[in-house]
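Undergrad: Residue numbers (my numbering), protein chains in the order written: chain L, 1 to 293; chain X, 1 to 316.
Source of the hints: derived by calculation from the structure; they are not laboratory data. Everything numeric in this text was worked out from a predicted model, so none of it was measured. It is possible that part of the hints are untrue.
[Claimed, not checked] Listed below are the simulated SDA-like cross-link pairs for lysine to any residue, each with C-alpha atoms no more than 20 Å apart in a straight line:
hint, chain 1, residue 1, chain 2, residue 2
1, X, K26, L, G191
2, L, K207, L, G191
3, L, K284, X, P282
4, X, K121, L, K181
5, X, K121, L, Y25
[Stated by the list, open to error] A partial selection of chain X residues facing chain L, derived with a Cβ cut-off under 10 Å:
hint, residue
6, I42
7, F47
8, F126
9, L170
Using N, Cα and C, we set each Cβ at its ideal position, and we do this for glycine too.
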Amino acid sequence: MSTSTAQIKPARRKIKWGEIGLHVYLIGIGLVVAAPIILAIFTSFKVANDITNYPPTLLPEVWTVENYITAWTATPLWRFFANSLIQTGTIVVFQVLFSILAAYAFSVLEFPGRDLLFYVILASLMVPFQLTFIPNFLTIAKWGQINEAIGPNTYFALTVPFLASAFGIFLLRQFFLTIPKDLHDSAKIDGAGNWRYLWQILVPLSKGSISAFSIFSFLGAWSQYLWPLVITNEENMRTIQIGIRFFLFDQERGADWGAVMAAAVIALMPTLLIFLVAQRQLVKGIAMTGLKG
Amino acid sequence: MSQSVSIHKSSPSQNADKTYNNNWAKIKSALEGYLYLVPSLIILTIFVFIPIVASFQLSLTRIAPFGGKSIAVGLENYTRLFADPEYINSLKVSLLFTLGTVPGGLILAVAMAIALSYPMKHLSWFHRLLIFVPIVISSAVTGVLFRWIYHPVVGYLNYILSLMGIEGPLWLSSKDWALVSVMLAVVWRQLGFNVIIALAGIQNIDSTYYEAAKVDGANLWHRIRHITLPLLSPTLFFLFIINVINSLQVFGEINILTEGGPGGASNTLLYSIYYDAFVGTPFRGYASAQAYLLFIIILIMSFVQFRGFGRKVHYQ
Numbered sequence: 001m002s003t004s005t006a007q008i009k010p011a012r013r014k015i016k017w018g019e020i021g022l023h024v025y026l027i028g029i030g031l032v033v034a035a036p037i038i039l040a041i042f043t044s045f046k047v048a049n050d051i052t053n054y055p056p057t058l059l060p061e062v063w064t065v066e067n068y069i070t071a072w073t074a075t076p077l078w079r080f081f082a083n084s085l086i087q088t089g090t091i092v093v094f095q096v097l098f099s100i101l102a103a104y105a106f107s108v109l110e111f112p113g114r115d116l117l118f119y120v121i122l123a124s125l126m127v128p129f130q131l132t133f134i135p136n137f138l139t140i141a142k143w144g145q146i147n148e149a150i151g152p153n154t155y156f157a158l159t160v161p162f163l164a165s166a167f168g169i170f171l172l173r174q175f176f177l178t179i180p181k182d183l184h185d186s187a188k189i190d191g192a193g194n195w196r197y198l199w200q201i202l203v204p205l206s207k208g209s210i211s212a213f214s215i216f217s218f219l220g221a222w223s224q225y226l227w228p229l230v231i232t233n234e235e236n237m238r239t240i241q242i243g244i245r246f247f248l249f250d251q252e253r254g255a256d257w258g259a260v261m262a263a264a265v266i267a268l269m270p271t272l273l274i275f276l277v278a279q280r281q282l283v284k285g286i287a288m289t290g291l292k293g
Numbered sequence: 001m002s003q004s005v006s007i008h009k010s011s012p013s014q015n016a017d018k019t020y021n022n023n024w025a026k027i028k029s030a031l032e033g034y035l036y037l038v039p040s041l042i043i044l045t046i047f048v049f050i051p052i053v054a055s056f057q058l059s060l061t062r063i064a065p066f067g068g069k070s071i072a073v074g075l076e077n078y079t080r081l082f083a084d085p086e087y088i089n090s091l092k093v094s095l096l097f098t099l100g101t102v103p104g105g106l107i108l109a110v111a112m113a114i115a116l117s118y119p120m121k122h123l124s125w126f127h128r129l130l131i132f133v134p135i136v137i138s139s140a141v142t143g144v145l146f147r148w149i150y151h152p153v154v155g156y157l158n159y160i161l162s163l164m165g166i167e168g169p170l171w172l173s174s175k176d177w178a179l180v181s182v183m184l185a186v187v188w189r190q191l192g193f194n195v196i197i198a199l200a201g202i203q204n205i206d207s208t209y210y211e212a213a214k215v216d217g218a219n220l221w222h223r224i225r226h227i228t229l230p231l232l233s234p235t236l237f238f239l240f241i242i243n244v245i246n247s248l249q250v251f252g253e254i255n256i257l258t259e260g261g262p263g264g265a266s267n268t269l270l271y272s273i274y275y276d277a278f279v280g281t282p283f284r285g286y287a288s289a290q291a292y293l294l295f296i297i298i299l300i301m302s303f304v305q306f307r308g309f310g311r312k313v314h315y316q
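Take these sequences, add in the hints, and give me the full structure.
TA: Right, dumping it as structure tokens:
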């Protein structure tokens, strides 16, 4: 992907009016696009009267953090947040670990059936979660009858279907393939087995790809909705995504929109921070793979 | 076993001892290979591959009204579907949803990508920041944010419409506007992704085409019409398919904004699956039949995309 070579070239050395117009156009569009987030952030700092006043204002008249205190304490939102951290952390760690192992097998090791297995794993990308979630729910429910610790309403149930990632295997395999075979040969001569070669040479060389995949994995896991919704029905096992839905429905009757927006801002903050820190990497990853993870 | 066959093939050594060692080394290295794959394979087998079959089996069953036993009913669930006005409605809603979100969303994305593709000295990071930011927003948060925007009394959307002299509808509780409300929210969430892919496509176009066109005196519109869009068509094709597939998988926004209502107005194929399988009395066999049909639709789209995408790689 060469990004440097080709762009639509504007006429050079003309008056810069065109460029200024373009800036105005882009900022206009950008503000409209970002408006739902900007409005939520401002609303979350408004006092109740301020929110229900008509016409609505953009900025709070009085700034307050009351809504965040309400959101954090009124429902166990902090608990939902912690649940999401545990769920997402578990998924990311295992997806990265398992993908590294499988990608290594598919790129460096040789064994019968390797390519066939690789295509089978790739094919799993075409199976939508919408097909598998009902049988998966029944599987977990059945396990729960044997042992509650692996049944619904557990961190195990929230994470286990997602501990492997065909996307991650594919992504890392593609990168591992770009690393010269000579490196492996010389490591072998130096007496390093596969395990050591993988962790001491290949993984450090692939830091970029691995961290890119970790970001995708984090965003995907943090944003999950359908599975946490069906596999948990105890309040204290909800993830933040499910938590804000119930929080919204509870608060709407009391019309406490400030607290609802504070809850939404809390829920989007981790991914927003990742976006701000790793925008470039994220965009490159999406442009290269054509996937969101 | 296929293992030993391939080992014999690849080591036609005369020395028996050497062959033995060689074979052993190969078996060992093969075992090692499988060992590295085991964790991923176990998870994918239990939660992806087996469910493909399990889901189909489930779709051939019904739960007995008393006793909760599962009865085999053959293809009854499938034949019932096409006589079920609710399912026909869901098909219509999903079709409308796709038609309403995909072309519009893509046109918006391409327009923004073209504007973003101009090399600018300043602020280009800032433009991108604002336009790309929805990519990290989850469907649930999108639902919550838009529920606030659509608020009939204090929401910003109806306020802005009122400034233009339009009386905004009761977005989420109106049979005519509920689906549109969900569409807008989803177009918004998908926008960043579409712009990123379209922008990458535009930046891959060889700049010499533009230079040649400029020599010929082509204006901006001509350049977009005769260079950018045709050369971007493989990317647009890819985006089109991906967006159609995504539009069939929308769930969070519907669950938060409309819950499929009012009166089924936003009850898409997926929402209907969820509803039948998990809300009220579960009809999981019936829901699985719906899931299988949705799977087949998505699978067809994926195949079309693979064929088209293969051609694209070839073509460039």
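Undergrad: Could you run down the list of hints and mark each one as holding or not?
TA: Results of checking the hints against the structure:
1. X/K26 / L/G191: It holds: about 18 Å lies between the C-alpha atoms, which stays within 20 Å.
2. L/K207 / L/G191: violated (24 Å)
3. L/K284 / X/P282: violated (43 Å)
4. X/K121 / L/K181: It is violated: about 42 Å lies between the C-alpha atoms, which goes past 20 Å.
5. X/K121 / L/Y25: holds (16 Å)
6. I42: The hint holds - X/I42 has a Cβ within 10 Å of chain L, the shortest such distance being about 8 Å.
7. F47: holds (4 Å)
8. F126: holds (7 Å)
9. L170: Nearest chain L Cβ about 14 Å off; hint violated.
Going down the numbered hints, you'll see the structure goes against 2, 3, 4 and 9, while the others check out.
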